[in-house]
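Student: In case you want the letters, here they are:
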Amino acid sequence: MISATALGRAEGKPAQYRRFTPASIATNLVLGAFGVVFASPMLWLVLASFDQHAGWQVKVPELTLGNYRTVISYNYLDPIWNSLYLSLVATAVTTAVSIITGYVLSTRHIPLKRTIMLSVLLLTGIPVTVLIVPIYELFVQLNWLNSIPAVGLLMAASSLPFGIWLMKNYIDAVPVEILEAAAVDGVGTRRTVLGVILPATYSGVLVTVMVTFINAWGAFLVPLILISNPGSEPGSIALYQFLSAFVTPRIGPLAAYSLIFSLPVVVLYLFVARRLAGGFAFGGGVKG
Amino acid sequence: MSLREQRGPSEGSNRSESERVAVDRHVVGARLEGITKIFGEEMAVDDLSLEIHPGELLVLVGPSGCGKTTTLRMLAGLERPTYGSIFINEKEVNRLSPSARNVAMVFQSYALYPHMTVRKNLVFALRAKRERAGVIRERLADVSAMLGLEALLQRKPSELSGGQRQRVALGRALMRHPDIFLLDEPLSNLDAALRTQMRGDLVTLHREIGVTTVYVTHDQVEAMTMADRIGVIMGGRLLQVDIPEVVYSRPVNVSVASFIGSPKINLLEGTAWRDGSKCLVRWDDVTFSLDDAGLFSGENRAVTVGIRAEDLSWIQGETSESGSTVVGTVRLVEPLGSETLVTLDRGAKALVARFPPHCGVRPGDKVAVAAEGRHVHLFDRETGERLGR
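Heads up: the sequence lines are chains A and V, in that order. So that you can map any letter, position 14 of the first sequence is 14 in this note's numbering, and since no number is skipped, the others follow by simple counting. Just add 1000 to wherever you are in the second sequence, counting from 1, and you've got this note's numbering.
These aren't lab readings, by the way, just hints derived from the structure by calculation. Glycine included, C-beta positions come from ideal geometry on N, C-alpha and C. A hint or two may mislead.
[Claimed, not checked] A few chain V positions that, by computed beta-carbon distances, are all more than 12 Å from chain A:
#1 F1124
#2 G1134
#3 R1137
#4 V1241
#5 K1264
[To be verified] Coverage of chain A stretches by chain V, computed from C-beta distances (three or more under 8 Å per stretch; other residues unrestricted):
#6 91-100
#7 183-196
[As the list claims (entries may be wrong)] DEER-style ranges, computed between Cβ atoms:
#8 V:G1162 with A:P199: 21 to 27 Å
#9 V:G1162 with A:K113: 32 to 38 Å
#10 V:A1348 with A:T115: 56 to 62 Å
#11 V:E1042 with A:R114: 19 to 25 Å
Generate coordinates for the entire structure from the input sequences, incorporating the hints supplied.
Tutor: Rendered as structure tokens:
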């Protein structure tokens, strides 16, 4: 009797425990196809960068480090440093200003706050390229053309609406009693922001840093128009010139350079992702 | 005359030796003068004046939304009064920021800094003020010993129990040696057993440090058990400020009478008239006879009669009404161990009376209770104000 019941249960095993069903196979095939479409350029890039005779096809490479050597010897690393300079300026400015502005918008009484926030939201949707002609004129007037920090500032400005919006919302989530406790305890604004708000909105700050950095790092049109001095151009422009500087594109070095150029973003991403995964909660701080 | 001698009427005999030793430091009082706070259309606090004596534990009690927390927040400087003045230590502080008032506040939600350890939570404010390291170390040792926090210093708030968080929040406030200690419903997030224990701990702590304390709660038991003086706030108005015994035995109006005391006071609608040196109050067929004839003027006054449960005494064996004896049918019997609460129906009215333990009364029984005239509270039915005495 008992064994019969056990058998009955075994036969009635629910469908979701079965490993292969027509539906799951179909799903995996479709997703796999998408995966191949997205992964193959990456694969080509990695293989080509190590291939002595790199071409447009994906093939087993004739291993060499020559492509990387070429890139390094041609002074093509300078644009990477320029990119780093530009992106760090943009990231530092955007992050600092976003935190301060977000704090003020979140905690202070400001007339027309809703209107301001809606304007900020609207601005997040306007790409900086739309304004590039008047900005070019402005840069000419201010004699800022070819200046890396000036372009960094412009990139900061273009990332600011998003950063402010994000930080304001993160700071909104900090329980107001914690800020009031700091106020009653006589902790000044600077200490409150640095010692209480920043640790509590850690993940928001990291997201702002990452998004701003990536936005500035990948910027192409803005530096293309505002920087014409070969010594000041960032990596994105140098990469483009790889394609146009030689009569036949040198595919191996181009692939190697592409990988080097994407390295800082990958490193930043890994750094941020690890910290974001831990997350941050207000656990224990307030109970309500 | 020292400031300590100026304390409120509750001071005196029940104060212990330890309290006298503990504080020689400067004890300050505060005063609210005609404080009004209007949020938009809503009047949260209405022309409230209050004297807070140096060193006392003043409990502001009232139902939720009555304006008691707003009053506390105005004292702290987190809200500005719309009208009126706030004085701390005889100095007007209306325009002073919270930090300039040297008050400390413990929030209902504790408001600990979540990313900091207990130690950092405690020292953060002093560090921010660049207090000397030696002073910080000394106070940290004092406060953590006083509140039993030594073993918890390395923990984060999320790793603490409710009671422990509560103690950290208190400790954080104590670290600063504030002139005035403001507590906003500090026990409301704790379970019943812990609440009772913390209640005692807080009173002991207050005795030890002797800092002027304003404590806000909606729980009248907390107010009665902890307070040197109670301030009852309702609808933004301060109705009565006095020692717990007086607030309980001589409530100024019906609202205070029904808010303070558990079980709730029995309120009956009757008519009162004078008869020689007596005052007679009639409710239905029951007549209470009160001594004081100077209670009111005029004849046949519409009154609300208030009788507390413990003032309705059980008359065993009696089954008929006469004089001030009320006979009702038992609806509910709640044995509390040391006493039994009995709810009886009499006509449309339900009365709660306090019976002895093991009284043997069961639902459905007919029982008689009676109140002595001197225990009967009389309020004007129109205004709700107390009549006489």
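Student: Which numbered hints are broken by the structure, listed smallest first?
Tutor: Checked against the structure, the hints that fail are numbers 1 and 6, while the rest are satisfied.
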